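Take these sequences, add in the hints, and give me the full structure.
Protein chains: 4
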Amino acid sequence: MSDRPAHELAHLGVHGLHTPDPARTVAYFVDLLGMDVVAVDGTATYLRAFGDYEEWSLKVIGSDRAGPEWVSWRTTSAEALERRVCGLELAGHPGRWVPADRGIGPFYEFHDPDGHVFRLYYDTRRYVAPPDKRPAVPTGFQAYPGRGAAVRRLDHVNLLARDVRACREFWETGFGLRTWEIVRLADGVGESAAWMSSSIQGHELIYTQERTSANGRLHHFAYLVDSREEVLRDADVLADAGIRVEAGPSRHTAVQGFYLYTREPGGNRIEIANGGYLMFAPDAEPYVWSYEEYRAKPGWGAALPSDFHIYGTPDVEG
Amino acid sequence: MSDRPAHELAHLGVHGLHTPDPARTVAYFVDLLGMDVVAVDGTATYLRAFGDYEEWSLKVIGSDRAGPEWVSWRTTSAEALERRVCGLELAGHPGRWVPADRGIGPFYEFHDPDGHVFRLYYDTRRYVAPPDKRPAVPTGFQAYPGRGAAVRRLDHVNLLARDVRACREFWETGFGLRTWEIVRLADGVGESAAWMSSSIQGHELIYTQERTSANGRLHHFAYLVDSREEVLRDADVLADAGIRVEAGPSRHTAVQGFYLYTREPGGNRIEIANGGYLMFAPDAEPYVWSYEEYRAKPGWGAALPSDFHIYGTPDVEG
Amino acid sequence: MSDRPAHELAHLGVHGLHTPDPARTVAYFVDLLGMDVVAVDGTATYLRAFGDYEEWSLKVIGSDRAGPEWVSWRTTSAEALERRVCGLELAGHPGRWVPADRGIGPFYEFHDPDGHVFRLYYDTRRYVAPPDKRPAVPTGFQAYPGRGAAVRRLDHVNLLARDVRACREFWETGFGLRTWEIVRLADGVGESAAWMSSSIQGHELIYTQERTSANGRLHHFAYLVDSREEVLRDADVLADAGIRVEAGPSRHTAVQGFYLYTREPGGNRIEIANGGYLMFAPDAEPYVWSYEEYRAKPGWGAALPSDFHIYGTPDVEG
Amino acid sequence: MSDRPAHELAHLGVHGLHTPDPARTVAYFVDLLGMDVVAVDGTATYLRAFGDYEEWSLKVIGSDRAGPEWVSWRTTSAEALERRVCGLELAGHPGRWVPADRGIGPFYEFHDPDGHVFRLYYDTRRYVAPPDKRPAVPTGFQAYPGRGAAVRRLDHVNLLARDVRACREFWETGFGLRTWEIVRLADGVGESAAWMSSSIQGHELIYTQERTSANGRLHHFAYLVDSREEVLRDADVLADAGIRVEAGPSRHTAVQGFYLYTREPGGNRIEIANGGYLMFAPDAEPYVWSYEEYRAKPGWGAALPSDFHIYGTPDVEG
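Residue numbers (the numbering used here), protein chains in the order written: chain A, 98 to 415; chain B, 98 to 415; chain C, 98 to 415; chain D, 98 to 415.
These aren't lab readings, by the way, just hints derived from the structure by calculation. Predicted, not measured: the structure shown is a model, and the values here were computed from it. Just so you know, not all the hints are guaranteed correct.
Pairs count within a copy or across copies, as identical chains cannot be separated in the list.
[To be verified] Simulated crosslink set (DMTMM-like; lysine to aspartate or glutamate; CA at most 25 angstroms straight-line):
| id | residue 1 | residue 2 |
| --- | --- | --- |
| 1 | Lys394 | Glu343 |
| 2 | Lys230 | Asp133 |
| 3 | Lys230 | Asp128 |
| 4 | Lys230 | Glu382 |
| 5 | Lys230 | Asp260 |
| 6 | Lys230 | Asp118 |
| 7 | Lys394 | Asp198 |
| 8 | Lys230 | Asp380 |
| 9 | Lys230 | Glu343 |
| 10 | Lys394 | Glu206 |
| 11 | Lys230 | Glu186 |
| 12 | Lys230 | Glu390 |
Following this line, the structure appears as structure tokens:
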């Protein structure tokens with residue numbers, strides 16, 4: 098473990114999402130997920146969840162099609178950021194500096210092996226709630242909105258990748274992410290999925306098999322609520338608002354998180370998530386599922402719809 | 098049991114509430130409890146909860162002070178209404194007919210022994226959701242609002258009475274309500290509380306001891322949510338909106354309902370409630386608590402604040 | 098409505114279950130569902146759930162094959178029992194009197210149109226908890242067992258029937274059961290399912306289409322837990338004990354109950370259930386689903402496995 | 098931050114508890130908290146919770162009085178253990194090596210400034226479930242027991258200390274624990290409570306004010322369940338088993354954890370806990386409550402009983 102640059106990534110940070118229908122996408126996040134608009138700048142809308150300590154976390158960008166703009170990590174310190182940038186450049190994965198955006202950044206932007214855009218940053222702007230949004234207990238960041246699903250924060254990101262193993266190794270080697278679960282392909286060598294984390298959380302960054310020839314696509318962003326009961330309730334929030342429930346509520350076999358999937362009006366798949374284990378053992382090894390064992394779906398989670406592992410954004414099925 | 102006019106009251110129905118601050122009271126019910134405004138008529142606002150099959154259930158009336166206007170029961174049939182009116186008149190408790198209000202009624206209005214105004218009615222108007230409020234599952238009455246506590250319907254009413262026993266007997270004898278629990282006063286004869294129901298529900302109508310010389314006062318109206326987890330969540334909804342939590346979330350010893358008490362801005366005490374037992378035995382006798390046994394608070398409910406059993410509306414403490 | 102013998106059936110009562118593996122079946126109900134053995138008599142074991150006010154509710158009987166022995170209703174009074182017996186005999190559906198069993202009964206036994214055995218009774222023996230099983234709050238019947246799913250009581254019964262409509266009309270006409278939902282067959286005339294109740298509960302007795310040539314079969318018995326969160330937890334209780342989860346946890350479209358299905362080791366399908374609406378309107382009409390509308394599964398419930406609507410006990414697939 | 102020995106303590110580890118009534122104390126942990134006995138050795142019983150990855154976590158030791166034996170931390174690596182031992186010795190806080198106990202250890206044992214015994218260790222023995230205790234999903238460590246509260250693992254430890262600040266600084270300076278909340282004494286200088294963690298969890302180690310002249314006492318050990326709904330359910334598990342509920346279920350202001358307190362039959366206070374925030378910001382500063390602000394109990398938690406902040410074990414009140 099000695100070479101592992103442990104704990105230099107603190108947590109998933111601000112992230113951007115393209116949508117062909119920004120008005121309805123923003124309405125989905127505001128009215129149904131309970132997020133607040135912090136700022137609007139041209140076709141970009143900056144949103145925050147009530148549990149975000151940073152001023153904003155999600156940037157919705159009007160575009161010709163759906164898909165991720167970028168995903169980011171906040172580093173544990175300014176020095177950690179410098180070291181990781183240095184590491185990328187030494188490893189032959191150079192990126193570029195991008196100026197701060199609405200008080201957060203500057204960012205160092207680069208690509209993972211599948212071509213997804215990632216950013217690293219340390220400088221951020223903490224949210225200060227205006228008087229009418231101060232929570233009763235002052236250790237909270239913002240009053241509980243009580244609107245729709247009222248998601249607390251981003252929980253994890255799931256990206257499609259043509260070579261899951263390469264992406265996993267990129268983050269393990271270069272950034273010290275730990276991997277908690279891996280699913281092998283039928284060939285017993287390749288990997289169809291990997292769940293990784295910068296902390297004791299069971300998953301922050303997931304890669305799953307890209308089954309088309311596309312690259313850099315998003316499977317889903319997942320936002321956290323505080324109980325499984327809330328996930329169940331949110332199924333009514335979404336279904337009764339006319340949003341089709343794609344899958345769930347049920348529990349995933351991997352990491353055992355409770356899920357509910359819908360697609361926001363722009364087409365990006367969004368999960369309402371609760372749970373998933375915390376991994377305390379400092380010397381835990383990833384659990385490696387064989388193809389057959391994983392397909393057997395031990396436990397009690399429901400079957401996923403047939404295109405669940407195919408559809409991503411940008412949609413290339415057309 | 099042969100003389101008991103069983104099952105002629107179907108359920109608690111539409112009810113009216115006075116408030117000195119109707120704008121803020123309505124905002125409490127709409128923004129924090131998740132009810133919808135159906136109509137406004139002068140100082141009266143008609144509200145409904147998403148689980149109401151009738152068009153409206155709560156009438157908020159601007160007034161010089163807080164308190165109940167009237168509580169009502171819907172009868173099981175038009176004939177049952179006639180029989181109950183006849184019964185009242187024969188028993189020397191005559192009332193008067195009141196015209197229909199926004200499609201519900203006519204009502205027969207009378208007083209219980211403590212002077213609270215009650216109404217009986219059968220004719221009602223069913224709610225038909227407009228297209229944008231239709232629920233995904235058509236057996237629901239209205240789409241889940243996902244706003245604030247999103248209460249489903251009125252659960253029960255608690256009225257203060259100088260003579261609890263007299264009120265209890267009035268409803269048992271005249272209307273076939275069944276009593277599930279009684280608390281005796283320290284004298285072993287009088288009663289400090291009684292929980293009554295027209296159905297298998299553990300409580301619809303509660304009387305508790307009036308400790309002032311006033312009469313006809315409201316202790317609280319209770320609105321239902323679907324789980325204890327929602328009651329906990331609603332404590333954040335209310336506290337973070339600046340509403341003081343008077344008591345709870347915790348569980349009552351009597352009927353074992355889970356509770357959360359606040360006062361709406363006009364001063365009326367409102368409960369968010371979940372649970373309480375269903376009583377299936379057709380021959381169940383009420384459980385009679387001695388003063389000492391009830392004071393011992395068996396089980397795990399929290400202590401109630403000292404003025405919980407004193408404050409009611411209209412407030413006579415001044 | 099005037100001829101309807103309303104409210105003469107109080108609730109589903111004691112019920113019997115055949116099993117070819119009584120030891121493991123009893124262990125399932127005791128260890129995993131949290132029921133208690135009250136008595137053993139030859140191959141029969143008498144069990145109770147902690148929320149039963151009667152001394153026992155389930156009789157497990159060793160037999161050559163799985164299936165229902167009988168289902169029963171407790172009537173609202175001794176006179177109601179006499180009237181219903183009289184009604185059966187006048188309607189040309191005579192049964193026979195069966196002596197009391199372990200303090201409950203005598204019973205009047207007869208068959209529904211599909212040949213399921215039913216019993217009516219009024220006399221019963223109330224459970225008196227021994228000192229070590231007394232609950233903290235004395236209005237409870239028994240201390241919370243805290244073992245496995247810890248089911249509270251029987252919630253509903255689902256029987257397969259070749260002619261659902263005939264069964265439904267038998268109970269409506271002869272016993273005043275109310276029907277809350279009906280699903281039509283593709284022919285628009287026949288019925289594939291009906292949900293009926295003797296009270297405000299959304300379902301007590303369900304008939305669903307028998308798709309084999311057998312008759313008198315059980316689809317499932319459902320036992321109640323107090324929250325959806327408990328149903329989720331119980332999926333772990335059962336799956337981790339090696340019981341295959343057949344379906345759920347998820348929510349049914351009809352009556353909106355939250356479910357989890359397993360088969361007890363003898364083969365009978367058992368549901369852990371929570372929820373389903375209460376129907377307060379005294380004049381509610383059943384909701385009639387067209388074949389197409391019901392197949393579309395509005396809302397968010399998961400798909401059921403293909404043999405869910407075929408398998409019943411006795412199993413005739415062999 | 099550069100000198101802070103960050104992340105060298107991985108998590109709270111095995112811990113020991115003295116009891117004057119070991120048989121009943123063990124029965125409490127097994128029957129009511131759902132733990133399993135792993136081994137018995139003289140008056141010591143080794144117990145594990147189903148979510149423990151190590152073979153055992155709690156050692157119950159028959160003794161003349163209740164109280165903590167020791168609390169421990171597992172380090173992130175063998176080298177981290179060496180460095181922390183070195184650090185203690187350099188800082189003038191030397192301890193001693195203690196041999197391994199049932200496969201876990203060796204331990205380096207020392208005292209915090211209040212005299213509580215702590216241990217550090219890295220070597221451990223992972224639990225391998227026997228076939229009948231393997232969970233359905235193989236990433237779990239043990240099948241869900243479904244017995245009593247079925248606690249998942251130790252969540253946090255609360256120790257009484259005469260000088261909270263000194264204890265807090267001992268762990269911050271020497272071990273890199275981070276402090277999330279501090280409550281000031283009325284003098285504005287001293288501290289009455291501090292919540293500390295080795296990870297993103299809101300609390301692992303808590304110090305609260307010792308109000309007697311004793312030292313080295315335990316306020317409580319807290320064990321985790323997976324939802325607030327489970328905490329509510331566990332109040333019935335405990336109360337119905339005759340265990341007095343000392344406080345809760347309710348939510349703490351500090352760290353916002355949901356709690357239920359009882360005392361095991363030997364007298365040690367035990368919490369069933371759920372929740373408390375996760376702290377993702379790498380640069381978060383502790384929230385410092387003034388005496389007045391904390392006393393005002395913002396939010397909705399219930400009042401704690403008067404001796405809640407006085408009683409600890411060993412009990413010195415006599």
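The hints, checked one at a time:
Taking the shortest Cα distances, Lys394 and Glu343 sit within 25 angstroms of each other both inside one copy (19 angstroms) and across copies (13 angstroms). With identical chains, the CA atoms of Lys230 and Asp133 are at most 25 angstroms apart both within one copy (11 angstroms) and between copies (23 angstroms). Taking the closest pair of Cα atoms, Lys230 and Asp128 come within 25 angstroms of each other both inside a single copy (17 angstroms) and across two copies (15 angstroms). Taking the shortest alpha-carbon separations for Lys230 and Glu382, only the inter-copy value of 21 angstroms comes in at or below 25 angstroms, while the best intra-copy value is 43 angstroms.
Neither within a single protomer nor between protomers do Lys230 and Asp260 lie at most 25 angstroms apart by alpha-carbon distance, with minima of 44 angstroms and 36 angstroms respectively. In this assembly of identical chains, Lys230 and Asp118 lie within 25 angstroms of each other by CA distance solely across copies; the values are 23 angstroms between and 29 angstroms within a copy. Taking the closest pair of Cα atoms, Lys394 and Asp198 never come within 25 angstroms of each other, the shortest separation being 43 angstroms inside a single copy and 38 angstroms across copies. Taking identical chains as interchangeable, the C-alpha atoms of Lys230 and Asp380 lie at most 25 angstroms apart only when they sit on different chains, with a minimum of 23 angstroms there against 42 angstroms within one chain.
With identical chains, the CA atoms of Lys230 and Glu343 are at most 25 angstroms apart between copies only, with a shortest distance of 21 angstroms across copies and 33 angstroms within one. For the homomeric pair Lys394 and Glu206, neither the shortest alpha-carbon distance inside one copy (38 angstroms) nor that between copies (45 angstroms) is at most 25 angstroms. Proximity of Lys230 and Glu186 under a CA criterion of 25 angstroms is satisfied in neither setting, with 43 angstroms inside one chain copy and 49 angstroms between copies. Taking identical chains as interchangeable, the C-alpha atoms of Lys230 and Glu390 lie at most 25 angstroms apart only when they sit on different chains, with a minimum of 19 angstroms there against 48 angstroms within one chain.
The structure fails hints 5, 7, 10 and 11 (numbered hints given earlier, in ascending order).
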